[in-house]
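Position chain B relative to chain A; hints supplied.
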Amino acid sequence: AAGVIQSPRHLIKEKRETATLKCYPIPRHDTVYWYQQGPGQDPQFLISFYEKMQSDKGSIPDRFSAQQFSDYHSELNMSSLELGDSALYFCASSSTGREWDTEAFFGQGTRLTVV
Amino acid sequence: KNEVEQSPQNLTAQEGEFITINCSYSVGISALHWLQQHPGGGIVSLFMLSSGKKKHGRLIATINIQEKHSSLHITASHPRDSAVYICAVKGNQFYFGTGTSLTVIP
Numbered sequence: 728a729a730g731v732i733q734s735p736r737h738l739i740k741e742k743r744e745t746a747t748l749k750c751y752p753i754p755r756h757d758t759v760y761w762y763q764q765g766p767g768q769d770p771q772f773l774i775s776f777y778e779k780m781q782s783d784k785g786s787i788p789d790r791f792s793a794q795q796f797s798d799y800h801s802e803l804n805m806s807s808l809e810l811g812d813s814a815l816y817f818c819a820s821s822s823t824g825r826e827w828d829t830e831a832f833f834g835q836g837t838r839l840t841v842v
Numbered sequence: 009k010n011e012v013e014q015s016p017q018n019l020t021a022q023e024g025e026f027i028t029i030n031c032s033y034s035v036g037i038s039a040l041h042w043l044q045q046h047p048g049g050g051i052v053s054l055f056m057l058s059s060g061k062k063k064h065g066r067l068i069a070t071i072n073i074q075e076k077h078s079s080l081h082i083t084a085s086h087p088r089d090s091a092v093y094i095c096a097v098k099g100n101q102f103y104f105g106t107g108t109s110l111t112v113i114p
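From first to last, the protein sequence lines stand for chains A and B.
Position in the first sequence (first residue = 1) + 727 = the working numbering.
Position in the second sequence (first residue = 1) + 8 = the working numbering.
Simulated from the structure, these hints should not be mistaken for lab results.
Since we're looking at a predicted model, the values are computed, not measured.
Heads up, some of the hints might be wrong.
To be clear about the criterion: a stretch of chain A counts as covered by chain B if any three or more of its residues have a C-beta under 8 angstroms from a C-beta of chain B, and this derived list gives those stretches [stated by the list, open to error]:
(1) 764-772
(2) 775-786
Okay, the calculated beta carbon distance ranges per label pair [as the list claims (entries may be wrong)]:
(3) A:R743 - B:I68: 46 to 52 angstroms
(4) B:G24 - A:E744: 45 to 51 angstroms
(5) A:G765 - B:N100: 31 to 37 angstroms
Idealized CB from N, CA, C, for every residue including glycine.
Next comes chain B alone, as it looks inside the complex:
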């Protein structure tokens, strides 16, 4: 049983495309995080959400608490966006999605 489900698992896009990654969770949470991890790299925090919407540069994250769902959008995708994007929710501990591996092709 996965407390956090992400989709898609793998995503390939052409440079410039608009990308959406989805996250659904089944536990009660106090916050949801979107994380980025490059191959062999560490964890980079992109967003922390407890409600509504946040925007940082070309990245937008939304959360619907009632539906227990969040989306991460990347506008005008670029090859340097290629990474694994992980959704993590904070209950009594953190629960992680399996990640979405994004490849942006020039």
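Next up, chain A with everything else stripped away, as it sits in the complex:
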């Protein structure tokens, strides 16, 4: 069965560089969530999109932006990278718009290392 696909799986960037992370949801899923998990830390909610519109915003730095495209994939754009941005970034997708979700899945994540 198709799962949530994230690319790249690993990324190494230098300070002040930019990075773009991609998340491809399960087919027919219309909602994407982004999370950041620092080393030894709990996942932190960054941002979510429903039907290509931002639906909720968490602790996403102003240096980051994200969007969801017409094919429902989402991209997280990160600029002026800092050492503290090194983390696992993972996304989850679900089918919303109903009272109860029938399924939601998590991507394996992109491990970003800023050097």
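Then chain B, alone, in the frame of chain A:
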């Protein structure tokens, strides 16, 4: 305030032992997930539950919606089960437990 509480935080078991990890939550949810994460690794989805019980191989997950509680059981544990197990619940966003670090000793 943690929306999701897991116990125990750390667990060491001998190979072959039966293991239980518990998760309690305080928010209204549409689903609960059990996730597995190996050191330095990504997220692996084990189960998604909205009611009842699911079984996959040696893993069993149960949920009691009324009591807002779920358990993950591992039967005949194996060293390769050593990982962090995370409970996540889906409300308006996902809320994560702090994880249970499991070490299975041969």
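Tested hints:
no.: 1; hint: 764-772; verdict: holds (count 3)
no.: 2; hint: 775-786; verdict: holds (count 3)
no.: 3; hint: A:R743 - B:I68: 46 to 52 angstroms; verdict: 48 angstroms, holds
no.: 4; hint: B:G24 - A:E744: 45 to 51 angstroms; verdict: 49 angstroms, holds
no.: 5; hint: A:G765 - B:N100: 31 to 37 angstroms; verdict: 23 angstroms, violated
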